[in-house]
Amino acid sequence: MSALAFTAPPEEIFEYGDTSLSKKQKARIRDTFNRLSPASELVGTLFFLRLFDIDPSLRDQFGGAIKPQARRMMAVMKLAVLSINTPENFEPTLRLIGARYRDKGLDSSAYITMAEAMLWTLEKSLQGEFGAADKRAWAVFLTNMSKAFAGQ
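Residues in the sequence shown are numbered consecutively from 100, following the working numbering.
Because the hints were derived from the structure by calculation, they are not lab data. Be careful, since some hints might not be right.
As the list claims (entries may be wrong) - Calculated lysine-lysine pairs in the BS3-like style (CA-CA distance at most 27 Å, straight line):
{"hint": "1", "residue 1": "K122", "residue 2": "K203"}
{"hint": "2", "residue 1": "K125", "residue 2": "K246"}
{"hint": "3", "residue 1": "K166", "residue 2": "K122"}
{"hint": "4", "residue 1": "K234", "residue 2": "K246"}
{"hint": "5", "residue 1": "K223", "residue 2": "K122"}
A quick note: this is a predicted structure, and the numbers were derived from the prediction, not measured.
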């Protein structure tokens, strides 16, 4: 088993009927993300290591060195977190980013895998400061991001 092993299957985490976020959940997302900011490149690198561990075939779609990819991914995450309170900006912006990902050959299953990798990364990066309520909020948020990337 890989050192980056995940504890729960993605279907357990990303099967929610209600994908709306409460004000409290949005605050949790902003707070946890802000705690990662000082180490965002490292967090992004950990994300890609986990992503490629889960699905090595995704390495071909992303290609190139991990550090620049990590910076871009964390910039996307920052943009998503900053637009969390403005749905009129959140969806269209992420749909455009998703179009770029689709051009790379990514599909909705890849977005679920990316969401799983990001949730794992948050859990490992924040360690004991990432509780069940944080995980639930991020799972819903990442589900929304995945749907927007897929153009749904």
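Verification of the hints:
1. Of the pairs offered as hints, the one joining K122 and K203 is violated, with about 34 Å between alpha carbons and a cut-off of 27 Å exceeded.
2. Taken as a hint, the K125 and K246 pair is honoured in the structure, with Cα atoms around 18 Å apart against an allowance of 27 Å.
3. For the hint pairing K166 with K122, the CA-to-CA distance comes to about 33 Å; that exceeds 27 Å, so the pair is violated.
4. Straight-line distance between C-alpha atoms of K234 and K246 comes to about 18 Å, which keeps the hinted pair within the 27 Å bound.
5. Distance hint between K223 and K122 is fulfilled; the C-alpha atoms sit about 25 Å from each other, no more than 27 Å.
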